[in-house]
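For chain A, the structure is supplied; the task is to place chains B, C, D and E on it using the hints.
Protein sequences appear in the order of chains A, B, C, D and E. Residues in the first sequence are numbered consecutively from 1, following our numbering. Residues in the second sequence are numbered consecutively from 1, following our numbering. Residues in the third sequence are numbered consecutively from 1, following our numbering. Residues in the fourth sequence are numbered consecutively from 1, following our numbering. Residues in the fifth sequence are numbered consecutively from 1, following our numbering.
Among these hints, one or two may not hold up.
Unchecked claim - If you want a taste of the chain C side facing chain E, the calculated C-beta under 10 Å gives, among others: (1) Val10; (2) Thr13; (3) Gln28; (4) Phe40; (5) Thr59; (6) Arg72; (7) Asp75; (8) Ala76.
As the list claims (entries may be wrong) - Derived BS3-like pairs (lysine-lysine); straight-line CA-CA distance at most 30 Å: (9) Lys35/A / Lys23/A; (10) Lys71/A / Lys23/D; (11) Lys35/D / Lys35/A; (12) Lys92/A / Lys35/A; (13) Lys23/B / Lys23/A.
Said to hold, decoys possible - Computed footprint of chain C on chain B, listed as stretches where at least three residues anywhere in the stretch have a Cβ under 8 Å from a Cβ of chain C: (14) 10 to 22; (15) 40 to 49; (16) 68 to 77.
These aren't lab readings, by the way, just hints derived from the structure by calculation. Note that the structure is a prediction, hence the values are computed from the model and not measured. Think of the CB as a built atom: it goes at the ideal place given N, C-alpha and C, for glycine as much as any other residue.
So the chains spell out like this:
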Amino acid sequence: MKLAKVVGTVVSTRKEESVEGLKFLILQQVDLEGKDTNGFVVAADVVGAGISEMVLFATGSSARQTVRTDKRPCDAVVMAIVDNWEVNGELKYKKGVHD
Amino acid sequence: MKLAKVVGTVVSTRKEESVEGLKFLILQQVDLEGKDTNGFVVAADVVGAGISEMVLFATGSSARQTVRTDKRPCDAVVMAIVDNWEVNGELKYKKGVHD
Amino acid sequence: MKLAKVVGTVVSTRKEESVEGLKFLILQQVDLEGKDTNGFVVAADVVGAGISEMVLFATGSSARQTVRTDKRPCDAVVMAIVDNWEVNGELKYKKGVHD
Amino acid sequence: MKLAKVVGTVVSTRKEESVEGLKFLILQQVDLEGKDTNGFVVAADVVGAGISEMVLFATGSSARQTVRTDKRPCDAVVMAIVDNWEVNGELKYKKGVHD
Amino acid sequence: MKLAKVVGTVVSTRKEESVEGLKFLILQQVDLEGKDTNGFVVAADVVGAGISEMVLFATGSSARQTVRTDKRPCDAVVMAIVDNWEVNGELKYKKGVHD
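If we strip away everything but chain A, and leave its shape as in the complex, we get (with noise of 0.2 Å):
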């Protein structure tokens, strides 16, 4: 899994019907400093995360492995809202505190 913000949300009305229904969230990845990397990935959502929450997500065919994305076309899912890490015994992040 890798650490991400929720930054935005895609919307697209013809798309694949088995997706339908599906939340499309944009993710920005971060580093262990809970700072914004480049990279980026557009992922379902199935916990209800919201904009500026830390996440983490799961790619390929770990992704399938809910049920809303069971069987779908669908390579990246948020399936945990962080509250906190940390790194070597320090907090890098704690939800309230470092959004």
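Using the frame of chain A, we list chains B, C, D and E on its own:
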């Protein structure tokens, strides 16, 4: 998924028979501003995307989760045509306006 | 899928028995102008591609979706020989002309 | 697989229910000398790895080939704690010595 | 698949039990001239490859398509020992000559 612009097509006569009838599009990846990046990929089209449209594409085994790509040696598929996207509350792309 | 030029072959006597009989081609990836890039990959051939031909290859589990690669430890396959491609209405490669 | 050092943990309350109970470790990838590189990943732990231990992790669908990660949206797993490795006959890392 | 040279081994006592008995090799990726590049990977060996041999390895789910890696959390496998390869008609590597 990734954001990309449809910029071209690839024609092939001699190919694995199971991909017969699939349309192969050349996708130029774009950044969050909608600007071209260096990355490109060739993807099967299952939504009727046309040249210069912004799309979402999925890769890997997820690219085979459609009726037309199922069980085929195809690792990228256009699964949505993008109407618009926004980042941090700002509209970055709107079909018909930013094309 | 990616665009590449067939530039060579790899010979192996001692190998996993299930890949016995597969032909391994060296593929040099090309950009949209048909120019060599730094990337290369070794792929199984299922379409009879020859040296200097432009091809499409698929990677990952999609590379196993052919009769000859099914259930084999093979992660890249040449699944189409390219006749031509065009970008933004301009012919960038045509077999027999740009070779 | 890749070599990495366990450097931290990620805590999440709201998550896909199937990953409930999985421990998420932050892994800093290392080079063959055991030095940190820029790459990091968040992986599920199934071997009881602790902070500062060197580990091997697997990604993609292979990350789901354990009892605790099976059928879950998890794309990276720590599947071995490293005792030592050597390169060209030279011991590059030995647990308890190079930590 | 990718070309690489076997340069080392990784030893692990505490690991996911299904990978018990697998030998983990350190592979240094090489370019088409057979020169070392920066990339390396740890792969399971199913062909009896030895230090300094040139090999082909497969990654992802394809790495599990062998009897010894099937259903295991293993994402890279050495599936062939290379005798030789040539590029544009020129022999670039021949076992016993370029080692």
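Tell me the numbers of any earlier hints that the structure contravenes, in ascending order.
The structure conflicts with no hint, since it agrees with every one listed earlier.
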